[in-house]
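Below, each chain spelled out in residue letters.
There are 2 protein chains.
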Amino acid sequence: MLRELADLDRVAQLPNAEVLADDELTGSILIEASRLAEGVLEPLNATGDRDGARWSAEGVKATPGFKDAYRQYVEGGWNRLAMPTEYGGQGMPTLLSAAVREIFIGANKAFCMCPGLTDAAVHALMVGADDALKAYYLPRLVSGEWTATMNLTEPQAGSDVGALRTRAVPAGDGTYRIFGQKIFISFGDHDLTDNIVHLVLARVAGAPEGSKGISLFVVPKFLPQEGWQGARNDVQCAGIEHKVGNHGSPTCTMVYGDAGEGAVAWLLGGENMGLQTMFVMMNQARILVGMEGVALSERAYRQALAYARERVQGRAAEGSALPVPIIRHPDVRRMLLSMRSQTEAMRALGYMLAGALDLADGHSDPMVRQERQDFVDLMIPIFKGWATETAVEVTRTSVQIHGGMGYVTESGASQPLRDVLIAPIYEGTTGIQANDLIARKVLRDGGASLNCWLAEVDRTLAETTAQPALADLASRLGEGVASVRMVAQWIAQAQRERPLDVLAVAVPFLKLAGIVAGGWLMTRAALAASRLLDAGDAGESESFLRAKLASARFYATHVLPQAGALAVTAMNGSDATLDEWALQA
Amino acid sequence: MLRELADLDRVAQLPNAEVLADDELTGSILIEASRLAEGVLEPLNATGDRDGARWSAEGVKATPGFKDAYRQYVEGGWNRLAMPTEYGGQGMPTLLSAAVREIFIGANKAFCMCPGLTDAAVHALMVGADDALKAYYLPRLVSGEWTATMNLTEPQAGSDVGALRTRAVPAGDGTYRIFGQKIFISFGDHDLTDNIVHLVLARVAGAPEGSKGISLFVVPKFLPQEGWQGARNDVQCAGIEHKVGNHGSPTCTMVYGDAGEGAVAWLLGGENMGLQTMFVMMNQARILVGMEGVALSERAYRQALAYARERVQGRAAEGSALPVPIIRHPDVRRMLLSMRSQTEAMRALGYMLAGALDLADGHSDPMVRQERQDFVDLMIPIFKGWATETAVEVTRTSVQIHGGMGYVTESGASQPLRDVLIAPIYEGTTGIQANDLIARKVLRDGGASLNCWLAEVDRTLAETTAQPALADLASRLGEGVASVRMVAQWIAQAQRERPLDVLAVAVPFLKLAGIVAGGWLMTRAALAASRLLDAGDAGESESFLRAKLASARFYATHVLPQAGALAVTAMNGSDATLDEWALQA
Numbered sequence: 045m046l047r048e049l050a051d052l053d054r055v056a057q058l059p060n061a062e063v064l065a066d067d068e069l070t071g072s073i074l075i076e077a078s079r080l081a082e083g084v085l086e087p088l089n090a091t092g093d094r095d096g097a098r099w100s101a102e103g104v105k106a107t108p109g110f111k112d113a114y115r116q117y118v119e120g121g122w123n124r125l126a127m128p129t130e131y132g133g134q135g136m137p138t139l140l141s142a143a144v145r146e147i148f149i150g151a152n153k154a155f156c157m158c159p160g161l162t163d164a165a166v167h168a169l170m171v172g173a174d175d176a177l178k179a180y181y182l183p184r185l186v187s188g189e190w191t192a193t194m195n196l197t198e199p200q201a202g203s204d205v206g207a208l209r210t211r212a213v214p215a216g217d218g219t220y221r222i223f224g225q226k227i228f229i230s231f232g233d234h235d236l237t238d239n240i241v242h243l244v245l246a247r248v249a250g251a252p253e254g255s256k257g258i259s260l261f262v263v264p265k266f267l268p269q270e271g272w273q274g275a276r277n278d279v280q281c282a283g284i285e286h287k288v289g290n291h292g293s294p295t296c297t298m299v300y301g302d303a304g305e306g307a308v309a310w311l312l313g314g315e316n317m318g319l320q321t322m323f324v325m326m327n328q329a330r331i332l333v334g335m336e337g338v339a340l341s342e343r344a345y346r347q348a349l350a351y352a353r354e355r356v357q358g359r360a361a362e363g364s365a366l367p368v369p370i371i372r373h374p375d376v377r378r379m380l381l382s383m384r385s386q387t388e389a390m391r392a393l394g395y396m397l398a399g400a401l402d403l404a405d406g407h408s409d410p411m412v413r414q415e416r417q418d419f420v421d422l423m424i425p426i427f428k429g430w431a432t433e434t435a436v437e438v439t440r441t442s443v444q445i446h447g448g449m450g451y452v453t454e455s456g457a458s459q460p461l462r463d464v465l466i467a468p469i470y471e472g473t474t475g476i477q478a479n480d481l482i483a484r485k486v487l488r489d490g491g492a493s494l495n496c497w498l499a500e501v502d503r504t505l506a507e508t509t510a511q512p513a514l515a516d517l518a519s520r521l522g523e524g525v526a527s528v529r530m531v532a533q534w535i536a537q538a539q540r541e542r543p544l545d546v547l548a549v550a551v552p553f554l555k556l557a558g559i560v561a562g563g564w565l566m567t568r569a570a571l572a573a574s575r576l577l578d579a580g581d582a583g584e585s586e587s588f589l590r591a592k593l594a595s596a597r598f599y600a601t602h603v604l605p606q607a608g609a610l611a612v613t614a615m616n617g618s619d620a621t622l623d624e625w626a627l628q629a
Numbered sequence: 045m046l047r048e049l050a051d052l053d054r055v056a057q058l059p060n061a062e063v064l065a066d067d068e069l070t071g072s073i074l075i076e077a078s079r080l081a082e083g084v085l086e087p088l089n090a091t092g093d094r095d096g097a098r099w100s101a102e103g104v105k106a107t108p109g110f111k112d113a114y115r116q117y118v119e120g121g122w123n124r125l126a127m128p129t130e131y132g133g134q135g136m137p138t139l140l141s142a143a144v145r146e147i148f149i150g151a152n153k154a155f156c157m158c159p160g161l162t163d164a165a166v167h168a169l170m171v172g173a174d175d176a177l178k179a180y181y182l183p184r185l186v187s188g189e190w191t192a193t194m195n196l197t198e199p200q201a202g203s204d205v206g207a208l209r210t211r212a213v214p215a216g217d218g219t220y221r222i223f224g225q226k227i228f229i230s231f232g233d234h235d236l237t238d239n240i241v242h243l244v245l246a247r248v249a250g251a252p253e254g255s256k257g258i259s260l261f262v263v264p265k266f267l268p269q270e271g272w273q274g275a276r277n278d279v280q281c282a283g284i285e286h287k288v289g290n291h292g293s294p295t296c297t298m299v300y301g302d303a304g305e306g307a308v309a310w311l312l313g314g315e316n317m318g319l320q321t322m323f324v325m326m327n328q329a330r331i332l333v334g335m336e337g338v339a340l341s342e343r344a345y346r347q348a349l350a351y352a353r354e355r356v357q358g359r360a361a362e363g364s365a366l367p368v369p370i371i372r373h374p375d376v377r378r379m380l381l382s383m384r385s386q387t388e389a390m391r392a393l394g395y396m397l398a399g400a401l402d403l404a405d406g407h408s409d410p411m412v413r414q415e416r417q418d419f420v421d422l423m424i425p426i427f428k429g430w431a432t433e434t435a436v437e438v439t440r441t442s443v444q445i446h447g448g449m450g451y452v453t454e455s456g457a458s459q460p461l462r463d464v465l466i467a468p469i470y471e472g473t474t475g476i477q478a479n480d481l482i483a484r485k486v487l488r489d490g491g492a493s494l495n496c497w498l499a500e501v502d503r504t505l506a507e508t509t510a511q512p513a514l515a516d517l518a519s520r521l522g523e524g525v526a527s528v529r530m531v532a533q534w535i536a537q538a539q540r541e542r543p544l545d546v547l548a549v550a551v552p553f554l555k556l557a558g559i560v561a562g563g564w565l566m567t568r569a570a571l572a573a574s575r576l577l578d579a580g581d582a583g584e585s586e587s588f589l590r591a592k593l594a595s596a597r598f599y600a601t602h603v604l605p606q607a608g609a610l611a612v613t614a615m616n617g618s619d620a621t622l623d624e625w626a627l628q629a
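Line by line, the protein sequences give chains A and B.
Take any residue in the first sequence, note its place counting from 1, add 44, and you have its number in my numbering.
Take any residue in the second sequence, note its place counting from 1, add 44, and you have its number in my numbering.
Hints are computed from structural coordinates only; laboratory data are not their basis.
Just so you know, even glycine gets a beta-carbon here, dropped at the ideal spot from N, CA and C.
Worth double-checking, as some hints may not be accurate.
Stated by the list, open to error - Some, not all, of what chain B presents toward chain A, calculated at C-beta under 8 Å:
{"#": "1", "residue": "Ala207"}
{"#": "2", "residue": "Ala282"}
{"#": "3", "residue": "Glu285"}
{"#": "4", "residue": "Ala361"}
{"#": "5", "residue": "Gly363"}
{"#": "6", "residue": "Gln606"}
{"#": "7", "residue": "Leu627"}
Assemble the whole structure, with the sequences as input and the hints as a guide.
So, in structure tokens, the structure goes:
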């Protein structure tokens, strides 16, 4: 997948990405990651679900075992895989870190929230902090000695960050004092490290209304002092949420300045520049959440597959004297393949996006950088929205395959579903991704980046049509891409006269685009598998390659046909949605 | 819905169904039920989720408050609504009891498991028990003094009941002794009543293998004795499950005969007739589980609607100075309407089936009885499978509308999803419903009952086409019904040469049939609403009727288009599913 679909060869030529040119080295990194995932993180996954983080007035205690796991994670250098080399990070390409993170998240999503947010904070500091802040915070965060959090949400400011009310008052010495409450702060408090660095969005008195008046601040739990740890700052965790899943990740209410003087804070970037700095990280964060969908789908698939091979129940439909493992039942196969093929499609898009981000950031040719950046900008809302929505369906299918045992907590079958249920919500709900896709991605450039992508799909289509053995795949993909084009044209027209109509079907359009993007990459996978099989030297890979072909065919016949239905909905479904009577009692 | 879609007028002419002829009386029963649901059951719903039933060696204690709620439920006579009049029941038609039960389940599903199972057991006793057993057990069960359970599942015998191993040994005095373990027994033990009557499937020594050698027994917790309660029988609750939802309903492991002598049991019906007696109740039980899907979807819709009206976030898309309630955002409307319209469609089919069951049981004309019975037999697997699968999607949409709060347990937004997740599994998984639909319903009678239903849809279609204002609905329904016909023909052909192919796409066919059945009833609802509006005397009902029209239009444009996609999958999706390489590593 890395090589055939995610542009590994091009990414490997970037500075700092030489590791990818060495198959053995890349492989050994992934294997080492799997070792930590299987040996350390995975055994704590059920523990975290059962025995989640605990709050007390003295602070939050992480799930037993998490502290030691964090130590091993940091000792292995995994926390700094994608962090800047000038501060001790390894500066690996996003393509590699995305693959590594998928492995870790699949083993223990709740645990991964902590290093994931620290990583995001390090990138924000790299973008927005002055040299003094960088010099003080970055070495400690990169080494893993401290962790960091992102503080955006307030009770009245969720999707609409611009509505936040937390205040920042200049103290006259260049520092500020913060007053306010933040909610839903992952790992806002814990006992994994001695200090925690909070990045906090707040409003300086007199700042413009809404999102243009928001600034970003650094608020450490313990104030700076020689010898690394000073006095306690005025920031408290007032409680943690009881949630449907992710119990191992404490979701904190953070109170700033409750003692009266305010929490001491340093400005990051200029005043009122907070959202710009945050947006720099948004693409990375949204790819990461999409990868959560991939990772938990894969986890659910493996659990369901193992159960279906083990669980003996009922006779085989083609006739058998004795009961058979349920994997022999055609409908169980259908469910497993719907999980597998959709997970492969999502992973392909996630990896491809990660590689595109690397090329957009680091390629020597500015034309390539721009072209890849346009692709990233277009695809990120699609990937985030489609992969997380699909992951809910995929993880739920595992519960269904487990039957009655799926409903029993101890079987572990429900945990991926419960853990992933937040993914279509945080970092921008699916509705917000869809609005972003239409307003900022499809319409703003007059459809240029969309058409550029569709031309890429057309090339795949032409290649596939040329292979008689893959004619069935070509025909389904052709219908899918025609649906996207048709709806995109409808959107461009409708937007002028009836912009609300377009918003009413933004999510069906996003799903349509996601399904077709997945179908495009599954077709490319089938082309590659078919080429390697035809070359006649597949060897041990033969069953892997034949499975790829079957998976692509399954996707083409069970998933791609939805594209046509979604196109009908997108072009006809607005009137009823906006009907003023529709939601009356 | 009762009158226009569910054949209320015909059902009201049946013996014991006169209540339905009196609108005011029917209305007052539904209002009384709502009063108990809102005042007593609903406040205990979150309690049950948080503070579920507790096991100890002395027995299971129900959630605090459930015992008193049960007393009020029984005092109101609600438990005996559908029970036989000769033993003190009210013998109400299923159409009315289905509507009443929807109200109660929507308020507190876990609580309703207990009277629901007792009701099923009473019907089994009516069918299979001799006069002595009837005389002893039925008055106590009908009065609500005792409750009952159904014991089918064993660790190795879930979907395949025929694999059960619990033994029954004749004691020589007409009674038997039972030895074995049963799992997943809802309300297998509790403290709501003094005695519990277990109906237990077991195998008498020498009985034929598989499902033909299964007998049904009555095993009371306390043995019969003058003065109502005798010695403790040898049946114990060995533990209860931790589950994803339904915490208020104890899911018990029941151990029979562990002390050595066996649990004293009475045969119900003849030896080896156990499954026949059970099957008598199956239709009722499957409609009831489908109605659980309806009830929890309605609950989720109301929660999401209330939240969307209250939660203020973001500006209106059409421009507004101040933040607006999120119900103003087009995508939130889309989500609410997808919940509402699908819930209405499911409810319509559930009510219609309940009415058809009444007519099949009690109509004076044997032709009508047969015709309605054929409809019931065809539609029950469709309703059970489609309504429960759709309910998972609908209840999850409520979590999405609630945003971050949806993920927080205390908001209550996740409970309907967690509670309903078992519905596509118990009383026959969706896969089993789909196999039943194809093998026993569509193929066995050569498609006769399916064609009979499709002819009914054609009549609705003709009526709709005649109304220019409803042309859009007619066109979508027409495409849907054509899809069902096309796939049914494919199934009839493929069955001969490739029966496995048919099983591989049985669930897509079931979903297709469910979606079209829902679209048919939504179109009938639109016809009725349009007729009543055209009559010009809608009065206070105007907004209700206009909402019905909008809901039908939403369903036609957002749900019915999936029919075409499912038809493509059904007719092309088997090969990849059955590909021998597909599930290789």
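Here's how the hints hold up against the structure:
1. At about 6 Å, the closest approach between the beta carbon of Ala207(B) and any beta carbon in chain A falls short of 8 Å, and the interface hint on this residue holds.
2. Look at Ala282(B): its Cβ only gets to about 15 Å from chain A, farther than 8 Å, so that hint breaks.
3. A distance limit of 8 Å between C-beta atoms decides the matter here; for Glu285(B) the minimum to chain A is near 5 Å, and the interface restraint holds.
4. Taking 8 Å as the C-beta contact cut-off toward chain A, the hint placing Ala361(B) at the interface holds, the least distance being around 5 Å.
5. The restraint placing Gly363(B) at the interface with chain A is violated, with a minimum CB-CB distance near 10 Å, outside the 8 Å limit.
6. Contact between Gln606(B) and chain A, as hinted, is supported at the beta carbon level, the nearest pair being about 5 Å apart and thus within 8 Å.
7. With 8 Å as the threshold, the beta carbon of Leu627(B) comes within range of chain A, its nearest partner Cβ sitting at about 6 Å, so the hint holds.
Hint check: violations occur at hints 2 and 5; the rest are consistent with the structure.
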